[in-house]
Each structure stands twice: as C-alpha cells, then as structure tokens.
Amino acid sequence: MSISNQYNGKIFSQRFSDILKNIAELEIYEFETLARVIKSLSGAF
1 MSISNQYNGK
11 IFSQRFSDIL
21 KNIAELEIYE
31 FETLARVIKS
41 LSGAF
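Heads up: the sequence shown is residues 1 to 45, going by full-length UniProt numbering.
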C-alpha cells in the first residue's frame, strides 16, 4: 500500500468512528422525533 492510501484509510476510519460516536450519543428524544417525522411523511402519501 502506498503512503497516501494508508493516510486516506486512517482518515476514513477516524471519520467513521466519529460518526458512530455521534450516532451513539443521539438521545431517545431525537429518535422519537425522527419516527414522528417519518410517520407524518408516510401519512401524507
């Protein structure tokens, strides 16, 4: 693997773990709000 590939891989895995952390930190309230939005959208169709 070239150096740039290793570097990009490192950045990607760092971003990915940040995203997973953000998802883990979502509060139940936000999931309920999201569910409500989805329900109202599907009700509109």
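No wet-lab data here; the hints were simulated from the structure.
Keep in mind the model is a prediction, meaning the values are calculated, not measured.
Treat the hints with care, as some may be off.
[Stated by the list, open to error] Straight-line alpha carbon distances no greater than 20 Å define the calculated SDA-like cross-link-like pairs of lysine to any residue that follow:
| no. | residue 1 | residue 2 |
| --- | --- | --- |
| 1 | Lys21 | Asn5 |
| 2 | Lys21 | Arg36 |
| 3 | Lys21 | Lys39 |
| 4 | Lys21 | Leu34 |
| 5 | Lys21 | Gly9 |
| 6 | Lys21 | Glu32 |
| 7 | Lys10 | Glu27 |
| 8 | Lys10 | Leu26 |
| 9 | Lys10 | Leu20 |
| 10 | Lys39 | Glu25 |
[Said to hold, decoys possible] Pairwise CB distance ranges (calculated):
| no. | residue 1 | residue 2 | range |
| --- | --- | --- | --- |
| 11 | Lys10 | Phe31 | 42 to 52 Å |
| 12 | Arg36 | Phe16 | 20 to 30 Å |
| 13 | Glu27 | Ser4 | 30 to 40 Å |
| 14 | Lys10 | Glu30 | 27 to 37 Å |
| 15 | Arg36 | Ser2 | 46 to 56 Å |
| 16 | Ser4 | Phe31 | 18 to 28 Å |
The beta carbon of each residue, even a glycine, is placed where N, CA and C say it ideally should be.
Structure-based check of each hint:
In summary, the hint linking Lys21 to Asn5 is not supported, as the alpha carbons are separated by about 24 Å, beyond the 20 Å threshold. For the given pair, Lys21 sits about 23 Å from Arg36 by alpha-carbon distance, which is inconsistent with the 20 Å threshold. The straight-line distance between the Cα atoms of Lys21 and Lys39 is roughly 26 Å, outside the 20 Å bound, and the hint therefore fails. For the hint linking Lys21 to Leu34, the alpha-carbon distance of about 18 Å falls within 20 Å, and the restraint holds.
With a CA separation close to 18 Å, the supplied pair Lys21 and Gly9 stays within the 20 Å bound. A hinted pair counts as satisfied when its Cα atoms are at most 20 Å apart, and Lys21 with Glu32 qualifies at roughly 19 Å. For the hint pairing Lys10 with Glu27, the CA-to-CA distance comes to about 28 Å; that exceeds 20 Å, so the pair is violated. Taken as a hint, the Lys10 and Leu26 pair is broken in the structure, with Cα atoms around 25 Å apart against an allowance of 20 Å.
Using a Cα cut-off of 20 Å, the hinted pair Lys10 and Leu20 holds, with the two alpha carbons roughly 15 Å apart. Taking the CA atoms of Lys39 and Glu25, the gap is near 23 Å; set against the 20 Å cutoff, the hint is violated. Between Lys10 and Phe31 the beta carbons are some 31 Å apart, a value that contradicts the proposed interval 42 to 52 Å. Take Arg36 and Phe16: their Cβ atoms lie about 29 Å apart, and the range 20 to 30 Å holds.
For Glu27 paired with Ser4, a C-beta distance near 38 Å keeps the hint of 30 to 40 Å intact. Between Lys10 and Glu30 the C-beta distance comes to about 30 Å, which sits within the given range of 27 to 37 Å. Remark: the range hint 46 to 56 Å for Arg36 to Ser2 is upheld by a beta-carbon distance near 48 Å. Evaluation of the 18 to 28 Å hint for Ser4 and Phe31 yields a failure: the beta carbon distance comes to about 38 Å.
Consistency note: the structure conflicts with the earlier hints numbered 1, 2, 3, 7, 8, 10, 11 and 16.
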